[in-house]
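**Q** Spelled out from the first residue to the last, the chains are:
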Amino acid sequence: MYCVYCGVRLQEGAAECPLCHTKVQVPVKRQAEESPYSEKYPQPEKHSGKYLVLGLVTIIFVAVALSCIIFCLKSRGEVGWSGIAALGMALGWIWLVLPLLFSRWKPMIFLPIDFACLGGYLLYICVNTGGHWFLSFAFPVTMIAGILTLAGVAMMRYIVQGRLRLMSLLVIAIGLSFMLIEFFQHITFRTPMFVWSLYCMIAFCLIGLFLFVASFIPSLRATLRKVFFF
Amino acid sequence: MKKQWYRLDNAALIFPAVMRKNWNNVFRVSVTLKDKVDPEILSRAAEDLRPRFPTVYVRLKTGFFWYYLETVGEAPAVEEDYAWPLTPMTRRKLKKCCIRILYYQNRIAVEYFHSVTDGTGGMAFLQNLAARYLTLKEGVSIPPEGNIVDPAEAPKEAEARDCFQLCAAKATVSRAEANAYHTRGNPEEGLFRHIVTGIIPTGALLERAHAEGVTLTAWLSAVMAEALLARKKADPLAGKRSHIKITVPVNLRKTFGLNTLRNFTLAVNIGFDPRLGDYSHSEICRLMHHQLAAEIIPQKMAGRVATNVDLQRSLLLRLVPLPLKTLAMRLVYALSGESKGSLNISNMGVVRLPEAMTPYVERFDFIIGVQYSYPNNCSVVSWQGKTYISMIRGIRDSELERLFFSSLVEMGIPVDIESNRR
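Chains as they are written, first to last, in the numbering used here: chain E, 1 to 230; chain B, 1001 to 1422.
Any given hint might turn out to be false.
[Unchecked claim] Computed footprint of chain E on chain B, listed as stretches where at least three residues anywhere in the stretch have a Cβ under 8 Å from a Cβ of chain E:
1) 1055 to 1069
2) 1402 to 1411
[As the list claims (entries may be wrong)] List of simulated lysine-lysine pairs, BS3-like, C-alpha gap at most 27 Å:
3) E:K106 <-> B:K1170
4) B:K1340 <-> B:K1254
5) B:K1061 <-> E:K50
6) B:K1093 <-> E:K226
7) E:K226 <-> B:K1254
8) B:K1300 <-> B:K1340
9) B:K1021 <-> E:K226
10) B:K1021 <-> B:K1325
11) B:K1325 <-> E:K226
12) B:K1300 <-> E:K50
13) B:K1156 <-> E:K226
14) B:K1095 <-> E:K226
15) E:K226 <-> B:K1002
16) B:K1096 <-> E:K226
17) B:K1003 <-> E:K226
Note that these hints are calculated values from the structure, not bench results.
Just so it is clear, CB atoms sit at the ideal spot from N, CA and C, and this is done for glycine as well.
Using the sequences and the hints, build the whole thing.
**A** This is the structure in structure tokens:
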């Protein structure tokens, strides 16, 4: 039984054609040969676009820093706040642009440089504002943040075995560092102790302890890995 | 048995992210036997295969950063087939099992959520299920050859690997390409999908394809592109998208010589811009053939795989929590996934079985679901001299199917039509 319109054969007993709804009435491989042209092709310059963008960003950073200094010198006759702004731009450049100038990000080199520059920047602000908080607060807090960040990144990049146990210790260390930070805040600014750090420390230590215990229980470790793999 | 879990392979990542309440990416392979299917024996066969195919008997689980698959404790219950196949698998069902095993009269069908496997992997599992069923029911001894494996042996590690990670090139290839015309129409009520299957002698199709000097997939793509073009010309609401493009999934197992039961296909879009002028049938055939040939070379494929794999490996993306990742993947899928093709033609090729099984098998079918943003799709499978071309649609208008099949008839190719029209 065929559809008179489409010409296709229909199923036996079909009431209509499912297509038009008409009712049913009753590469060849080249041989190796010497090429007339050289097979050396000009290579495009690598990263030319990247360096152009980074160059433009650097110019913007420099322009902002210089314009701050010029404006401040003209209006107040001294560097003043513009020094802080210009060094802030320099710090931003070191943190954001400098790593991109290299083909690979090497955290063990860049992170210490970043935190050292941050420390130097805070020292400049402290000296220029006549504060007495650098040695007793900013320096140790920057050191703690730098060491913990470096430890975390190193763990993620270079350690394969026992990562969960190390991570649990790192989380506990972060929790304890909050206590230290509040202690430095207390001795520098005479603020009361245990206002906020205690809660943070307890939360981080509990998470850290849970991860530490989980690292000894294969089934729990497997479940954590299953749910949190990335 | 201890529950195993698997990361989603690179191609599978997108499917849970883009699924909706009333749509997700599901496909079906089915085998029609000579005798009626006994559901009890089929259940036993399905349970027997569970230890051998841990990557197939899985459910979808949600992690903090990614979705993952976990093996299920028992095989899914064998169900009687629905009036229409490929109803979307809801999240609740996917959390229980990502496959459906169905029977209807002589037919055994398996429907897969696409994150589990692709058409080739799905067909391999179906063949094993049919082989086990025939062994239990008829006492046939089927040797492990081709896709058939020994159900008693341990699963091979290679079957569970994500081959995309192995074949990615060092450089990537851009995804940028023009958007394609999409057919439109009044959507069908509920989740009904029209399926029209054309049964055609393979020899007649190959004769026409070889007369044009092209492969069967390229030739079918050309005929479909002509049908789409005719459909577009007659469509007053066709919109600005002009390119007619067919999305052809390419089986990378052959390209890279790697085997897996997970997803290992990559779709390429081939087509033309009708604004440039009129094309003859032979010109469209040649266009499709050469575009396909240029796309599927291993180097190009490896570069395109690298584009996808690089994203998955990006530390920044990996650290983003799943809900945010889902949003990003939906955006990417909308911009560079479905918008680049007018319709899929998924050609499974010729199915081969061990000789001991052949007398018990009548035919095979392969049907892919509709996409979210376009309502027509097409899938092809060949078995014992016949090619089964299944066209699925989620709209009422059957004009595209009519144009496609009637153009085959006009070329002198006999077409038998079946449909699930209600």
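**Q** For each hint, tell me whether it holds in the structure or not.
**A** Comparing the hints with the structure gives:
| no. | hint | verdict |
| --- | --- | --- |
| 1 | 1055 to 1069 | holds (count 6) |
| 2 | 1402 to 1411 | holds (count 5) |
| 3 | E:K106 <-> B:K1170 | holds (21 Å) |
| 4 | B:K1340 <-> B:K1254 | holds (25 Å) |
| 5 | B:K1061 <-> E:K50 | violated (40 Å) |
| 6 | B:K1093 <-> E:K226 | holds (20 Å) |
| 7 | E:K226 <-> B:K1254 | violated (32 Å) |
| 8 | B:K1300 <-> B:K1340 | holds (18 Å) |
| 9 | B:K1021 <-> E:K226 | holds (26 Å) |
| 10 | B:K1021 <-> B:K1325 | holds (18 Å) |
| 11 | B:K1325 <-> E:K226 | holds (17 Å) |
| 12 | B:K1300 <-> E:K50 | holds (25 Å) |
| 13 | B:K1156 <-> E:K226 | holds (21 Å) |
| 14 | B:K1095 <-> E:K226 | holds (15 Å) |
| 15 | E:K226 <-> B:K1002 | holds (14 Å) |
| 16 | B:K1096 <-> E:K226 | holds (17 Å) |
| 17 | B:K1003 <-> E:K226 | holds (11 Å) |
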